[in-house]
Amino acid sequence: MNVQFRDRPDPSAPVGVKTAIADCDIHPARATADELYPYLAKRWHAHIEAYGKQAYHGMMEGPPYPKAQPNASRRDAWPPEGGPQGSSLSFMQKQLLDPYNVALGVLNPLASGQGLRNQDLAGAICTAINDWQIEKWTSKDKRLKASIIVANEDGPTAATEIRKRAGDPNFVQVLLLSRNVEPLGQRRYWPIYEAAQEIGLPVGVHAFGFGGNPLTPSGWPSFYIEEMVGHAQCQQTALASLVLEGVFERYPDLKMVMIEAGFGWAPSLGWRLDKNFERLYSEVPHLKRKPSEYIRDHIWWTTQPMEDPERRDHLFQVIEWIGWDKLLFATDYPHWDFDEPSRVLPAGVSDANREAFYLGNAKKLYGIS
Amino acid sequence: MARHVIAPVDELPPGTRKFLDIDGRPIAIFNIKGEFFGLLNRCPHQGAALCEGPLIGLAQSSDPGEIEYTKLGEIIRCPWHGWEFDIRTGQSYCDPKRFRARAYPVNVEPGSAVVKGPYVAETIAVSVESDYVVVDL
Ligand code: FES
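Those protein sequences? They're chains A and B, same order as listed. For the first sequence, this note's numbering gives the first residue as 1, with consecutive numbering after it. For the second sequence, this note's numbering gives the first residue as 1, with consecutive numbering after it.
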């Protein structure tokens, strides 16, 4: 019987997952503040150093960290070579991609140019982020695919960036955030949907972002825990707006992914919209179908944060409303609310649904063979 | 059940912890203000290396606005989702009935007793003059 000592256990030694999975929400980070400079015109280096990056919220440095853990991240996710969590490809491979057998990992960079007030700077940084994603991530590990980051408040600029990436196999979706200047169905965002439909990629809507408005419709809450649940409210606003403004009528081939805001609320939003629609139809006559039908046909949902009701049959009922073919597994690595793939789905799921949940749906949606 | 000699007491001063593999099980031994405790280094929630987390205190409140912060340095916070566990007992604070971290009894034994056994200490040279941290597994 041997007793072995180690200074630290290997934090990247998870239980492991045998069958391949997709992880549809991974957050890559920059190792240093100026890591984007090679992808940005000199003019912007000087601009950023002189004026900073002003966002729609009041805080120069973005949302205050830490949020529950440093950088809102797992404490075991600091790369050994330094830099913030999520900034090292080799450590991501060792801690996430290899042990969990990730066959497809979708990158959603968050600290991007989205939500900056200077639209030219926003556009330049978004383009730089996209180039950086190819060079630092997707060209180095074929399992990884990038999201096209766009200056979301500037529809035409965003649409140009989307069309520029048409047919580039490094990219599998366009990424928006849920907190914007106006609800996401409004016309300023339509050029984004038009371009995405044209190049055949889904549009992801990730929780967070900087619209300048408080997180809740009635002001700033006191606690981070309110922020965590508030993302579902924001996402509901976005989804109602997308449906009611007629985005899915206008762009019938558009597919959208609701990322990191839960999905347990989806049936109730659908029921409420349908019930009101029966009476208030004449206000939105451009809708040709019941609101819930647009939701069920056009919306995919990532699982993290996975709802965890006391009774698993409640979870299954929700998923049945949404459709087993519409869920995309996600870990949210390296963030602290990471979902461990082997532990999130309760027992009692058929093999076919399990395969769709972990891999099949994502491969189909993102066109990965 | 076997008793394992983990380290000389001097090697684990108060406030420190030591990570080990014993029979393939990841264990962490803590010295909390001179007392020793052992926990399985695997979170009962989703399996993170629980003992990598920070040592914090326990925030409790009898009424909104009244906050008491006790047990400083005796609560471990999981590095992933932040569930909190009492190092002394493994008790969780989010759902004490359903979840508990596996705790192992840890003792301090004089070298003279360790030399006699029944202990396993292949990797530690034991001398009768010192005290040793011993875990039951
Ligand atoms: S794995 Fe420890 S709190 Fe979730």
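Hints in this document: simulated from the structure, not taken from any laboratory. Every residue, glycine too, gets a C-beta built ideally from N, C-alpha and C. Among these hints, one or two may not hold up.
[Unchecked claim] Pair ranges (Cβ atoms, derived):
hint, chain 1, residue 1, chain 2, residue 2, range
1, B, Phe99, A, Trp220, 31 to 39 Å
2, B, Gly65, A, Pro217, 21 to 29 Å
3, B, Gly65, A, Lys288, 18 to 26 Å
4, B, Asp21, A, Lys364, 35 to 43 Å
5, A, Lys364, B, Thr16, 38 to 46 Å
6, B, Asn107, A, Gln54, 40 to 48 Å
7, A, Asp308, B, Arg100, 17 to 25 Å
Consistency of the hints with the structure:
Under the hint 31 to 39 Å, the C-beta atoms of phenylalanine 99 of chain B and tryptophan 220 of chain A, about 33 Å apart, fit the expected range. Roughly 26 Å separates the CB atoms of glycine 65 of chain B and proline 217 of chain A, a value that falls within the hinted 21 to 29 Å. The beta-carbon spacing between glycine 65 of chain B and lysine 288 of chain A, approximately 53 Å, falls outside the hinted interval of 18 to 26 Å. In this structure, aspartate 21 of chain B and lysine 364 of chain A meet the distance hint of 35 to 43 Å, their C-beta atoms being roughly 42 Å apart.
Here the CB-CB span from lysine 364 of chain A to threonine 16 of chain B is close to 51 Å, at odds with the stated 38 to 46 Å. In this structure the hint that asparagine 107 of chain B and glutamine 54 of chain A lie 40 to 48 Å apart at CB is violated, the actual value being about 60 Å. Separated by about 18 Å at the C-beta atoms, aspartate 308 of chain A and arginine 100 of chain B satisfy the suggested range of 17 to 25 Å.
Of the numbered hints stated above, those contradicted by the structure are hints 3, 5, 6, listed in ascending order.
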